[in-house]
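The residues making up each chain are set out below.
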Amino acid sequence: MPTPTTVLVVDDSRVSRLMARQYILAAHPDWIVEEANTGEEALQRAEALAPALVILDVNMPGMGGVAAAEQLRVICPQARITLLTANVQSAIRNRAQELGIGFAEKPITEERIAKVLATLDA
Amino acid sequence: MFNLSELQHDALLEIFNIGVGHAASAMSDIVKEEVTMSVPSISFLNRAEAASMLGQDGARICGISQHFEGAFKTEALLMFPEEKSLEIVRLMVGEAMPMAELTEMEQEAMSEIGNIILNSCIGTLANIFGQQLSGSLPMYHVGSSEEILTASGSPADAIVLMLHIDFILEKHEIHGYVAFILDMSALHDLQDQVDRYLAKAMGG
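Those protein sequence lines, which keep their order, are chains A and B. Using this note's numbering, the first residue of the first sequence is number 10, and each one after it goes up by one. Using this note's numbering, the first residue of the second sequence is number 52, and each one after it goes up by one.
Please keep in mind that the hints were generated in silico from the structure rather than gathered at the bench. All residues carry an ideal CB built from backbone N, CA and C; glycine is no exception. One should not assume that every hint holds.
[What the hints assert, rightly or not] From the derived model, a few chain B residues whose C-beta atoms are all more than 12 Å from chain A: (1) H60; (2) T87; (3) R98; (4) A110; (5) E134; (6) H192; (7) S195; (8) A207; (9) H215; (10) I219; (11) K222; (12) M235; (13) S236; (14) A250; (15) A252; (16) M253.
[What the hints assert, rightly or not] Straight-line C-alpha distance at most 30 Å; calculated DSS-like pairs for lysine-lysine: (17) B:K83 / B:K135; (18) B:K251 / B:K124; (19) A:K124 / B:K83; (20) A:K124 / B:K222.
Generate coordinates for the entire structure from the input sequences, incorporating the hints supplied.
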């Protein structure tokens, strides 16, 4: 039996994690959604979870999503990483491009989550 | 009181109009309904004037504040009447969530809504100015308009750049306000940004 796909959702907002989880599981009921509150927690757990996809908020207490993404690329190079953020500034978008990771705007909607998930099939 | 030239005022209004357009689209994604927003009007008020404009009927307000700095420094505030707050959260998370859980999540959900709307507005401004602004985490406050405006710790003589925006939802009439609190030096920084934008717009 193949190992189920794991998605790690990193966001300090519980309601955002809840919505992301709901839309991911609606599209893929057999996937596993793990949650982390902070970038630090994501880094601690990433190796063991071996997620196929990490969805990262940017503005969080502690290190923040961009710094976490930089380190996650080293810890789990197999994972796709996407920023999912209310910060719509070009500077953040450009930073994501430089890092070779995805960028999606909040608010979280079913369509936006579907787009992020579609990057896994690409 | 702080004054802008007619041209500066016009440019600032146009920039906010674009920002508010983005915020409206974000709000519409949150509540899953069409949201129309009135064209914003800008006024520069002192804190007492701003408080009395917001709290005409003495109603309690729920406010989400976020501090931004970079090209200019400001305390951004999104405010709704307190009694609308649960209604907005309900629209965001859907009908399925039990009332008890919804109430428990209200503060956090409103903070996230504030985060999205304020960043959408401020982020658009930063992009138009070609600058970067970094924001703190959102803070949630409930109280009278005066309490909300002082909660962020701004000095009594700070100027409030009040953007009056009506959010009109198809089925729910919700009036919201966005305000930016700036001190004198921040206002001058903002004015500089507007001047640079105008110079560029005129091919300078």
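Against the structure shown, which of the earlier numbered hints fail to hold, in ascending order? none
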